[in-house]
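Use the sequences and the hints to build the structure in full.
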Amino acid sequence: MAQPAYHESLPYIDPEPSPDAIAAARALIAAEQAALPAPSLPPLRDPSFSPLIATELARIASKSESETNPESSQSKSEPQSSRSDALDLTRYEAQDALPPRPAPLRAPLQTAAVSSAYLASRAQHLNLLERHGRNAWLLGNYHLDAHLRALEADLAAARRDVDLVNAARARAQGDVRAEMDGLADAWRIGVGRVLETEIAVEEVRARIRDELRAAAAGAPAGA
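Note that the numbering used here gives residue 652 to position 88 of the sequence shown, counting from 1, and the numbers run on in steps of one.
Source of the hints: derived by calculation from the structure; they are not laboratory data.
No residue lacks a Cβ here, since even glycine has one placed at the ideal position from N, Cα and C.
If you anchor each label on the Cβ, the simulated ranges turn out as follows:
1. 596 x 763: 28 to 38 Å
2. 622 x 675: 21 to 31 Å
3. 592 x 707: 47 to 57 Å
4. 744 x 771: 39 to 49 Å
5. 738 x 589: 21 to 31 Å
6. 585 x 778: 47 to 57 Å
This is the structure we're talking about:
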């Protein structure tokens, strides 16, 4: 179970950091990252594609290879059966002008027949939807719209709760701002007095050492 994270900051009291402080913090972060590199990423898992996707990837790879090396493409041509009809979008494009001779008409006619069959099937499905599935389709859209409205209401409630929490935090921090400023000033004064006391102690110790050294130097040798 993950431990809760606490961000101890007072954004409504603490001043914004200066550019120099931000630059110093970023320099420390960069130094730590350089000293402690991140662990290596785990190895990538081998992808598993369906036969249809594998065929299409092989076709695209062979097509790219033939474009970069035209000489090899002349000796090794891709069979038409390896193309994926499911990803062929040229059937929906306008047909080229028909040649005058009847022999080359086979390929355009086959493409036109496929497009006609697909469009006829789509029209049949739309007719069935219009006659039998319209009410069910509208009912499904109604449920989806109701679910969307519920999610939007939850999102609005969450945002309202966040605003209330932020307002409560700002009010609580504003109430104790004077006390926090007083404590900060007292802490600074206390730290300053500690430093002054340590300096005075070192000065007294230095004087004692000097006096002991002078007394030792002025004492008679036979004493």
